[in-house]
Amino acid sequence: MSSFLGTERRTLRAGASGTRDRLVARVARMAGWLSRVTRMGAGATVPGRIVHRLDPGFIRRRAAALPDGIVVVSGTNGKTTTASMVQSVLRSQGISFIANPTGSNLLGGVANALVEAAPGTRMGVFEVDEAALPRLVPLLKPRLLILTNVFRDQLDRFGEPERVAALLRLACERLPDGATVVANADDIQLWSAVQACDPIGFGVSGISVSSDSGTEAEPVGCPSCGAELEFTHRTLANLGQARCERCGWRSARPRHRARVVATAGLEGIVFEIADEIVTLPVGGVHSAYNAAAAITAVEVLGIPAGAAIGALEEYQPRFGRAEEIRFEDHTLWLGLIKNPAGATVLTQQVAADRRVGAVVLSVNDNDADGQDISWIWDADFETLVESGMPLVPGGRRADDVAVRLRYAGGQPLPAQRDPLTALRAALDAAPDHDLIVVLATYTAMLDIREALFDRSTRVQDAATA
Amino acid sequence: MTSDLTLVHLYPDLLRTYGDRGNVLALHRRAEWRGFTVSVVPVTRGEPIPVEANIVLMGGGTDRVQEMIASDLLLRRPELEDLAARETVLLGVCGGYQFLGRSYVAADGTAMEGLGLLDATTEAPEDDRIIGRVVAEASLWGQSFELVGFENHGGRTVLGPRATPLASVVHGSGNNGTDGQEGAVQGTVMGTYLHGPVLPANPRFADAVLTRALAHALDGAVLRPLDDSLEEAAHRTAVTLAR
Numbered sequence: 001m002s003s004f005l006g007t008e009r010r011t012l013r014a015g016a017s018g019t020r021d022r023l024v025a026r027v028a029r030m031a032g033w034l035s036r037v038t039r040m041g042a043g044a045t046v047p048g049r050i051v052h053r054l055d056p057g058f059i060r061r062r063a064a065a066l067p068d069g070i071v072v073v074s075g076t077n078g079k080t081t082t083a084s085m086v087q088s089v090l091r092s093q094g095i096s097f098i099a100n101p102t103g104s105n106l107l108g109g110v111a112n113a114l115v116e117a118a119p120g121t122r123m124g125v126f127e128v129d130e131a132a133l134p135r136l137v138p139l140l141k142p143r144l145l146i147l148t149n150v151f152r153d154q155l156d157r158f159g160e161p162e163r164v165a166a167l168l169r170l171a172c173e174r175l176p177d178g179a180t181v182v183a184n185a186d187d188i189q190l191w192s193a194v195q196a197c198d199p200i201g202f203g204v205s206g207i208s209v210s211s212d213s214g215t216e217a218e219p220v221g222c223p224s225c226g227a228e229l230e231f232t233h234r235t236l237a238n239l240g241q242a243r244c245e246r247c248g249w250r251s252a253r254p255r256h257r258a259r260v261v262a263t264a265g266l267e268g269i270v271f272e273i274a275d276e277i278v279t280l281p282v283g284g285v286h287s288a289y290n291a292a293a294a295i296t297a298v299e300v301l302g303i304p305a306g307a308a309i310g311a312l313e314e315y316q317p318r319f320g321r322a323e324e325i326r327f328e329d330h331t332l333w334l335g336l337i338k339n340p341a342g343a344t345v346l347t348q349q350v351a352a353d354r355r356v357g358a359v360v361l362s363v364n365d366n367d368a369d370g371q372d373i374s375w376i377w378d379a380d381f382e383t384l385v386e387s388g389m390p391l392v393p394g395g396r397r398a399d400d401v402a403v404r405l406r407y408a409g410g411q412p413l414p415a416q417r418d419p420l421t422a423l424r425a426a427l428d429a430a431p432d433h434d435l436i437v438v439l440a441t442y443t444a445m446l447d448i449r450e451a452l453f454d455r456s457t458r459v460q461d462a463a464t465a
Numbered sequence: 001m002t003s004d005l006t007l008v009h010l011y012p013d014l015l016r017t018y019g020d021r022g023n024v025l026a027l028h029r030r031a032e033w034r035g036f037t038v039s040v041v042p043v044t045r046g047e048p049i050p051v052e053a054n055i056v057l058m059g060g061g062t063d064r065v066q067e068m069i070a071s072d073l074l075l076r077r078p079e080l081e082d083l084a085a086r087e088t089v090l091l092g093v094c095g096g097y098q099f100l101g102r103s104y105v106a107a108d109g110t111a112m113e114g115l116g117l118l119d120a121t122t123e124a125p126e127d128d129r130i131i132g133r134v135v136a137e138a139s140l141w142g143q144s145f146e147l148v149g150f151e152n153h154g155g156r157t158v159l160g161p162r163a164t165p166l167a168s169v170v171h172g173s174g175n176n177g178t179d180g181q182e183g184a185v186q187g188t189v190m191g192t193y194l195h196g197p198v199l200p201a202n203p204r205f206a207d208a209v210l211t212r213a214l215a216h217a218l219d220g221a222v223l224r225p226l227d228d229s230l231e232e233a234a235h236r237t238a239v240t241l242a243r
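Protein chains in written order, with this note's numbering: chain A, 1 to 465; chain B, 1 to 243.
One or more hints might be untrue.
Some but not every residue of chain B turned toward chain A, in silico, with C-beta under 8 angstroms [claimed, not checked]:
1) 14
2) 25
3) 34
4) 61
5) 62
6) 63
7) 65
8) 131
9) 150
10) 152
11) 156
12) 196
13) 230
Calculated Cβ distances over 12 angstroms to all of chain B for the following chain A residues [as the list claims (entries may be wrong)]:
14) 19
15) 60
16) 87
17) 218
18) 264
19) 274
20) 352
21) 403
Quick caveat, the hints were computed from the structure, so don't treat them as lab data.
Please read these numbers as outputs of a predicted model, since none were measured by experiment.
We put the CB at the ideal spot given by N, CA and C, even for glycine.
Just chain A, with the same shape it has in the complex (with noise of 0.2 angstroms):
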């Protein structure tokens, strides 16, 4: 579909500098190879670290290359989910594309990703991290950027969540001329921050917890003048609309905005939006911000709402984000926790899910998930706990799981590192369950499903994702 763009076309440049960038090219596939078959790592990052060190200005030529340009998902959290909801319409679309794998989100992944693009390749969508968004923006140059949320998260690495907007803002100041920022509108720390690069806004309603904030919200005063704010619906966390009785201030207002209709625990969720009913089949509000947020970019694309929300009514979930998988005449579903903000919105939605048999709590505490653990305090597990399922402490700091459960009022099964005694725990306290719920920190995650498949597949899996 060429006339989806109204954008200058570009080819993919044949001459001297296509020669040189199918030789790094080479290199780094080969790099990348040798990497797997010496196990040393997935493979994923290590020829575009490479290929950025040979050539710096690979990258930047790479990504001009791509005739109708680049999306980047950035923010806490709904990256990946983000991301993949955006290629699923372009698949649709009979668009092609390039993407990172999930967790390649760094400078390292973006070149991977680049060095792998087939020729005739018409598009670029990647997953950001926050930190390394202000230093790929100028290199991607980016036609769309989107703006998921700023929570908490790793605050050993971040320190401070302003400083998170700040970075987003950064890189919102350094996109092209006439690139398009899609953000949150229902996150006023977000939004304020890059409100200057008049972003287009996506939202949530129809759906309420209470006006009474939870521990894992972010504490947001009035973006003007400080004071407190009167949230008129609140969705999830700090995330809602609100204003400010002192000055006068408002949320913005999005251009689309998902109205809840229905939640059906983690089957999925069914919300009206751009005039029009979608039954997206993966559930909890954070899946309608992401679909809304999606729903919104690509229509910045050319892309029609009513042509999005078909492709999203097919939505497959990615790594980890509300995946299920077989395991000994079991379903596991995988969740991935790593804030307090994701983690509620998450049990939350399992608590509420009769079908669940057990939860396993799996939590690690490596470079990539945060060596701080001290968030799962201000997560609500007392929601898991009240309803009554049986809950495994796993992870390496499956101890501190078992020590919060039982301060949430909990009498959690005895604590198990292993990943596969873990899951067995699970089994055995649900024998009459089908469906066994795992959430897991980002390495506890890896570590389940390497315990889940042999490493082959998961090498495989990742490098097809």
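Put chain B on the given structure of chain A with help from the hints.
Just chain B now, with coordinates in the frame of chain A:
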């Protein structure tokens, strides 16, 4: 009728960046499990602290949020001085610890007055945070125990003669990364940079705080021991990881 333990959580809507609720939960449950009645009272901007408070907990926030509460907090000086004089336990963690001190000098040289309940001053150098796991040997009101936690702070705190360190650092940085001290104690007023949060991972610290706060109800008796096998296991894991 007042409860055996009135636990005040100061600015729970604003100072809650690092799992501070865990400290409230730890004290609440550990008192409750021993049969004491507990009231948890959230107190935010513009609200008075109840006079019957036995413990006041104040957590940490981001710089922006700490600015939001600074004016309200300084108005509380007489209220908090009064509580301290009546031996109410005041525990500040991270930002809360800095507020309890005499002053805070930001990286840009702006000086802010503190509550002055701890003889401590804090200065923040430009963009150089102390972040990491901590193990320390604590000495509090005649008891010694090991503390474990996680620190994440820009400020460097130095104690004056009237405050004594809560602990000496075994692994990590503590108050300033140079003098080996961590936290501060002055009467029943305490501060620490450790989160994790600090009380659930250090049940002996939690019980020392409770013993002091429940002195009126205990009447010289000691707290009934609890089965702390989960807490001790988490404590040991954290210590092992720090080394």
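Mind verifying the non-interface call on residue 218 of chain A? Its CB should be farther than 12 angstroms from each CB in chain B. violated, 9 angstroms
Would the hint on residue 63 of chain B stand, with a C-beta cut-off of 8 angstroms toward chain A? holds, 7 angstroms
Taking the least C-beta to C-beta distance, is residue 150 of chain B closer than 8 angstroms to chain A? holds, 4 angstroms
Tell me if residue 65 of chain B is really an interface residue toward chain A, meaning its C-beta lies closer than 8 angstroms to one of theirs. holds, 5 angstroms
Claimed clearance of chain B by residue 19 of chain A, with the beta carbon kept past 12 angstroms: holds, 44 angstroms
Chain A contact restraint for residue 34 of chain B - C-beta distance below 8 angstroms: violated, 14 angstroms
Under 8 angstroms is the threshold here; is the Cβ of residue 61 of chain B close enough to any Cβ of chain A for the hint to stand? Where the cut-off is 8 angstroms and the nearest Cβ of chain A is about 7 angstroms from residue 61 of chain B, the hint holds.
Beyond 12 angstroms from chain B, beta-carbon-wise, is residue 352 of chain A? holds, 22 angstroms
Satisfaction of the residue 152 of chain B interface hint, Cβ to chain A closer than 8 angstroms: holds, 6 angstroms
Regarding the hint that residue 62 of chain B lies at the interface with chain A, is the smallest CB-CB distance below 8 angstroms? holds, 4 angstroms
Going by Cβ atoms, does residue 264 of chain A stay more than 12 angstroms from chain B at every point? holds, 30 angstroms
Would residue 403 of chain A pass as off the interface with chain B, using Cβ distances and a cut of 12 angstroms? violated, 5 angstroms
Hints 3, 11, 17, 21 from the list above are not met by this structure, while the remaining hints are.
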